[in-house]
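Enquirer: What follows is each chain in one-letter form.
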Amino acid sequence: MMLVLRVLKTQPLHGYAIAQRIHLLSAEQLRVEEGSLYPALQKLLIKGWVKAAWRASESGRQVREYRITPGGRRQLEAEMTEYRRMASAIGVLLDDA
Amino acid sequence: MAVIGEWIRRLGYLLRRRKWEDELRQEMDSHRAQMGAPPAFGNTLRLREEARDAWGWRWLDELAQDARFAWRTLRHSPGFTLTAIVTLALGIGVNLGMFSLINGLLLRPLYAGADDVFGVHNRSTTPSGRNRAFSYPNYRDIREGTTDIFANLAASFTGFVGLDFGDGARSTYASAVTANFFHVFTAPPAYGRAFTAEEEQPEAGIHVAIISYSLWEQHGADPAMLGQHVRINGEQFTVVGVARKGFAGTSIPGPGVWLPLGAHETFSTEDGTRGTFGTREAHRLSVVGRLQPGMPAETAAAALATVGRRLEQAFPSINAGYSLVISRPSGRLIFMPGGGGALTGVLLMLMPAIVLLVACLNLADLLLARGYGRRQELAIRSSLGGGRSRLVRQLLTEGLLLALTGGALGLLLSTWATEKLLASLGPMLPVVVSLPDVGLDWRVFLGTVAFSLVATLIFSAGPALSLTRRAAAGDLKRHAGSEGRERAGAGIGNALVIGQIALSLLLLSSGGLFVTSVIRTAAADPGFRLDGGLVVVVDPALAGYDEARGRQAHLALLDRLRTVPGVEVVTIGSRPPFTSSGDSRKVAPAGADESRSISVGAVFSVVGRDYARVLGLPQLSGRDFRDAEMVAGSGERVAIIDDALAEKLWPGAEALGRLIQFLDAKGPDARQPIRVIGIIPAVKHSPGNPQPYPHVYVPLGQHYESAMTLQLRVAGGVSEEDMLGTISRVVRDVDERLPVLSVTTWRNHLNASLDVRLQATGAGIFSAFGGIALLLAGLGVYGVKSYVVSRRTREFGIRIAIGAHPRALLWQVLREGGRTTTIGIGIGLLLALGAGQFLQGILYGVNSIEPVVLVTAPLILLASSLLASYIPARRATRVDPMVTLRSE
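Heads up: the sequence lines are chains A and B, in that order.
Taking the working numbering, the leading residue of the first sequence gets 1, the next gets one more, and so forth.
Taking the working numbering, the leading residue of the second sequence gets 1, the next gets one more, and so forth.
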C-alpha cells in the first residue's frame with residue numbers, strides 16, 4: 001500500500017498505470033500482481049487515503065483514476081518515516097554482524 | 001473520526017454495491033485490455049471477489065446465502081418445519097405473555113419522562129420520621145415557592161366513590177386532583193380537557209369529572225360521552241374528559257375517575273374533615289411534581305428544604321417539626337393483593353422459562369435426529385471445502401430462521417393470551433379501577449428477539465457442533481463402523497428426552513398442586529352452612545345518603561325482605577363471609593378485669609339480629625341482639641363474641657356478662673366498656689385460613705357503616721337461584737336509588753372472592769404450562785424414537801430375517817422408551833418434591849407430598865411417552881427384511 005501511495009503522490013493514475021509505474025520506478029525489480037493491487041486499492045478507498053474518478057485516458061479508453069488525498073499524504077509520510085527507521089535499524093544490524 | 005469516516009464509506013459501499021462492482025469489473029477489463037495479448041491477468045472473477053472482500057461485507061453475503069439455503073431446506077421438509085415452529089411458538093409465546101404482563105406492570109414507566117417526576121413529602125423531624133399529608137394552603141405555598149424547581153407541582157387525594165352511568169352505582173377508585181395534575185405526567189386527556197384552575201379552588205364545588213379510558217371503552221367508547229352526566233355519590237357530574245389510554249398517575253391499578261380538587265365534598269368524609277378542607281390544618285393531599293428540565297434532583301432537594309424552613313417559620317403552630325423532602329414515586333409497581341404475591345411473581349417468571357427449556361430440548365432432539373439424516377450432505381459440503389465454522393453457521397442460521405418465525409407466531413399467541421388473562425382479571429377486582437395497558441411496546445419486541453436468540457443458542461448450537469464434528473470426520477463412508485457412533489448420537493437424544501420428561505413432570509405436578517388446592521378450597525368447611533344462602537350488597541353512601549338515611553335504608557330492606565315468601569331468615573352484616581379485607585379491633589377486658597393486660601386482635605363486624613341463625617350457627621350461650629339494639633342511641637353497649645375470642649380473653653372461664661373494650665377505636669367508641677351478651681361458634685373469614693380467627697360482633701345501632709351485606713337463608717325446598725330474581729326486584733322496589741352492588745348466592749360469593757380467584761388463575765396457568773410441556777415431551781419422545789427406529793431399520797431387518805418375532809422387536813423398542821422415561825420421571829419426582837416444598841407455603845391446604853399428584857402426574861407422562869414410542873415401534877415391526885437388505 002505504501003508503494004501505491006508513493007506512486008500516486010506525484011500524479012493521479014489508473015490501475016494499470018500504477019502497476020506499470022511501480023515496475024518502472026523499481027528499476028523493474030518489483031512487480032505488483034493484479035491480485036494484490038486491487039484489494040490494496042479498495043482498502044485505500046475504505047481508509048479514505050485515495051479518491052477514484054472515471055476519466056478518458058489518452059488512448060480514449062475509460063479508466064478509473066486514483067488521486068491521493070491529504071489524509072493519504074499524511075499516511076504516506078508516517079509509513080515512510082517508520083520504514084526508514086526500520087530499514088536503518090536492519091542495516092545497522094546487518095553491517096555489525 | 002477516521003474510524004467513523006471509514007464506516008460511513010463501508011456503508012455507502014453496501015448501499016450502492018452493484019454500482020461499485022460494475023466499476024470494478026470495468027476497471028479490470030480495461031486493465032486487461034491495456035496489458036495487451038496474451039493477457040497475463042488472472043481469473044477476473046476471483047480477483048474481483050478478493051478485491052471485494054476488502055470492504056468487509058463477506059459475512060453478510062454468506063448470511064444471506066445461508067438464510068436462502070435454510071429457507072429452501074426447511075421448505076423441503078414441511079412436517080419438521082411445522083413441528084419446530086409450533087414448538088417454538090408455544091415456548092416463546094408463554095414467555096412473551098408473561099413478559100408482557102411483567103413489562104406492563106413492572107418495567108414500563110407509567111408515564112413519559114418518569115425520571116423527572118418526584119413525590120414531595122412533609123416529613124416529621126422527630127425520630128419516627130413519619131410523613132404527613134399536605135393541606136391545600138401549604139401545598140399552594142410550596143407550589144408558589146418552587147416555580148423555579150418544579151415545572152409543575154400537583155396535589156391529589158384518593159378514595160372510593162359510587163359512580164353511576166345510569167345503570168346503578170359501582171364502587172369506583174377515584175382521585176381528586178389539581179388542575180395541573182395531568183401536566184405533571186405529560187398525559188393530557190385523550191378526549192376533552194383537563195381541569196381548570198377555577199375548578200381546583202377548594203370552595204369551587206364545580207361538578208366535572210374525567211373518566212378513565214377503560215371505563216369510557218366499557219360504556220361504548222362513544223365520543224358523545226363528553227358533556228354527558230353521571231352520578232357520583234348521588235350528585236350529578238358532567239364528563240369533561242377521557243384520560244389517556246392506560247393512564248394511572250402514580251398507581252397501578254389507577255383510578256377509574258378523576259375529579260377536580262374543588263369537588264372534594266363529594267367524597268364521603270367519615271374522618272370528619274367536611275368543611276375544613278381549605279384550611280391549613282386539613283392535611284389530606286399527596287404532592288407530586290415534575291422538575292424543570294435539566295434540574296438535578298440534589299439541587300431540587302436543597303431548594304425544597306429552604307422552602308420547608310420558610311413554611312415552618314411562617315406557620316410554626318402547624319408546620320414546626322416538619323421538613324420537605326423529595327423521593328421517587330413508585331412509578332413502576334406490581335399490584336399483588338394478599339400474601340405470597342412476590343413469591344407468585346417469581347414463580348410466574350420461572351415457569352415459562354422451564355417451558356421454553358423443554359421446547360428447546362425438544363428441538364435439539366429433532367435437529368439431532370434430522371441432522372443424522374443430513375450427515376451425507378454435510379460430509380459432501382465439508383469435503384468440497386466448506387469450513388467447519390461455515391457449516392456451523394449454516395446450521396445456526398437455520399435455527400435462527402425457525403426461532404424468529406416461531407417467535408413471531410408466539411408474539412401473536414401471547415398477545416391473544418394476555419388479553420384473555422387481563423379480561424379475566426378485570427372483574428376479579430371488587431371495584432372499578434383502570435388496569436394498565438400491557439400491550440406491545442419496543443420492550444416486548446426486543447423480548448421476542450431475545451427469547452428467539454436464546455432459544456436458537458440452546459437448541460441449535462449443541463447439535464450443530466456435534467454434527468459438524470462428525471462431518472469433519474468424514475462420514476462419506478456410509479456404514480463402516482457407523483453403528484457405534486449412532487448409538488452415541490441416540491445417547492445424547494435420550495439425555496435430552498430425560499431432561500424434557502423431568503421438567504415436564506415438574507410443571508405437571510406443580511399444576512396438580514394448584515388444582516388440588518382449588519378443589520380443597522371449594523370443599524373447605526367454612527364453619528357454617530353454605531347452601532341456601534344469598535347475599536345482597538348495598539352501599540347507600542354511594543348514592544349520597546347520610547348516616548340517618550343510610551340507617552333507614554338498611555332497616556327498610558331488612559323489614560321488607562323478612563316478608564318475602566320463601567325467605568326463612570334475614571340479617572345484615574358489615575362483612576359478608578369470605579371477605580379478606582375489613583375492620584379489626586384490639587379487644588381487651590374492661591371493668592373489673594382491666595388489670596389483666598391482655599389484648600386480642602379480632603375481626604370487627606356490625607351485624608343485625610339473627611346473624612348466627614342465618615349462618616346456621618348455634619347460640620352457645622347468652623342471647624341474640626334485640627330489635628331495640630338495631631337503632632342508634634340505644635342503652636348499654638353490647639357485643640356478641642365467638643368462642644375463639646372468649647377462650648383467648650378468659651381462658652377456661654365464663655366470658656358471658658363480662659366487659660370488653662376496644663383499645664384502638666377512635667371517637668365515641670374509644671375505650672367504652674362493652675358487655676358481652678352472647679357467645680357463638682367461630683367461623684372462617686378467609687378460605688386460606690386454617691384456623692378460625694376471633695370475631696367480635698356489635699349491633700347495628702351502635703356503629704354505622706354504609707356498605708352492608710344483607711344475608712338471607714331461604715326456606716328448605718326453595719332453590720336459591722330461583723330466589724335471586726325475586727330478591728333483586730324486591731330490593732329495587734324498596735328504594736330505587738339505592739346502589740345495589742351485588743345479589744348472589746353464598747357459594748358464588750365465595751368463588752368470586754379474590755383469594756379463590758387468584759388460586760384458580762394460578763391453577764389455570766400452571767395446568768396450561770404443564771399441558772404444553774407434556775405435549776412437547778411427547779413430541780420429543782416420538783421424535784427420538786422415530787429416529788432411532790429409522791436408523792436401526794437394517795438391524796431390525798436382519799433380525800426379522802433370521803427369525804425374530806415382530807412382537808419381540810416391538811417390546812424392545814417400547815422397553816427402551818420406558819427406560820428413558822423412567823429415569824426422567826425419577827429425576828422429575830425429585831424436582832417436583834422441591835417445588836412442592838416451595839408451593840406448600842403459598843397454597844391453601846396442600847402438603848409438599850401429595851400422593852395423588854405424585855402418582856397421577858408420572859402416570860400421565862409414562863402413558864403419553866409409551867404412546868409416543870408405540871407408533872415408531874410399530875413401524876419397526878413392519879420392516880421388510882428384503883427391502884432393507886437390498887438397500888445395502
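Heads up, a few of these hints could be off.
[Claimed, not checked] 30 Å max Cα-Cα, derived DSS-like pairs, lysine-lysine:
1) A:Lys43 with B:Lys586
2) B:Lys245 with B:Lys420
3) A:Lys47 with B:Lys19
4) A:Lys9 with B:Lys19
5) A:Lys43 with A:Lys9
6) A:Lys51 with A:Lys9
7) B:Lys648 with B:Lys586
8) A:Lys9 with A:Lys47
9) B:Lys586 with A:Lys51
[What the hints assert, rightly or not] If you anchor each label on the Cβ, the simulated ranges turn out as follows:
10) B:Gly385 with A:Glu77: 51 to 57 Å
11) B:Ala408 with A:Ala53: 44 to 50 Å
12) A:Glu82 with B:Leu384: 40 to 46 Å
13) B:Phe69 with A:Glu82: 44 to 50 Å
If you're looking for bench data, these hints aren't it; they were derived computationally from the structure.
A virtual CB, placed ideally from N, CA and C, is assigned to each residue, including glycine.
Enquirer: In ascending order, which of the hints set out earlier in this document are inconsistent with the structure?
Expert: Structure breaks hints 1, 9, 10.
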